[in-house]
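**Q** Model the full structure from these sequences, guided by the hints.
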Amino acid sequence: DGGITQSPKYLFRKEGQNVTLSCEQNLNHDAMYWYRQDPGQGLRLIYYSQIVNDFQKGDIAEGYSVSREKKESFPLTVTSAQKNPTAFYLCASNQFWGGNEQFFGPGTRLTVL
Amino acid sequence: AQTVTQSQPEMSVQEAETVTLSCTYDTSESDYYLFWYKQPPSRQMILVIRQEAYKQQNATENRFSVNFQKAAKSFSLKISDSQLGDAAMYFCAYRTSQGGSEKLVFGKGTKLTVNP
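Protein chains in written order, with our numbering: chain A, 4 to 116; chain B, 3 to 118.
Hints should not be assumed to be uniformly reliable.
Calculated lysine to aspartate or glutamate pairs in the EDC-like style (CA-CA distance at most 20 angstroms, straight line) [as the list claims (entries may be wrong)]: (1) B:110 x A:18; (2) B:113 x A:41; (3) A:86 x A:18; (4) B:57 x A:104; (5) B:110 x A:62.
By construction, these hints were calculated from the structure, which means they are not laboratory data.
**A** Quick look at the structure:
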């Protein structure tokens, strides 16, 4: 089945540690996105990539980093510079251009202890 | 910058009744797309309905329909014959292509409760 997978589902991190969230898609989509979701805040864009080896900062990129070495993979690293990393993280993808639906993964809940 | 506003943080409806969720947006673009997404307790985001701004006809998907008012920049979602499974967070989203990059801008969401 085609879709987006995110792992792990739950992740715990100690303060000062970097952690990487995985996102893989087999939909052959060009564009991939990372969102952060906090209660009452909706979805906020962290980073996005429209083509391999290229990515752009979203609205809240500080303290995060990404890579796009393969079309199907777009991992997100939450660095120790992110002041308040506890949140729900969603990965999404879509075909580039047009009003194509953005498909979402099941999400990763990150908790900093 | 584009913004999306959902003025109703919470709404409730009786099963089998109709409810309308509000959404307004701000943009200077003339061609764009609007979406409603549903996020049930599982937290999986699901597309409910999509509207193309250049189409005057309102989109419909079974019990879900929209009232798209381009001049007023309004995009409300109507759910008819509400079912218990409709209980979820609903997010309105605007797709912008400004600067050659495509991305979605989301509202803060409306939590819908369906009462039996």
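**Q** For every hint, state whether the structure bears it out.
**A** Cross-check of the supplied hints:
For the proposed pair residue 110 (chain B) and residue 18 (chain A), the alpha carbon gap of about 28 angstroms is over 20 angstroms, so the pair is violated. At roughly 14 angstroms between alpha-carbon atoms, residue 113 (chain B) and residue 41 (chain A) fall within 20 angstroms of each other, so this suggested pair holds. Taking the CA atoms of residue 86 (chain A) and residue 18 (chain A), the gap is about 9 angstroms. The hint holds against a cut of 20 angstroms. Between the alpha carbons of residue 57 (chain B) and residue 104 (chain A) the distance comes to roughly 17 angstroms, so the proposed pair stays at or under 20 angstroms and holds.
Simply put, residue 110 (chain B) and residue 62 (chain A) have alpha-carbon atoms about 15 angstroms apart, close enough for the 20 angstroms limit, and the pair holds.
Violated hints amount to a single one, hint 1; each of the other numbered hints is respected by the structure.
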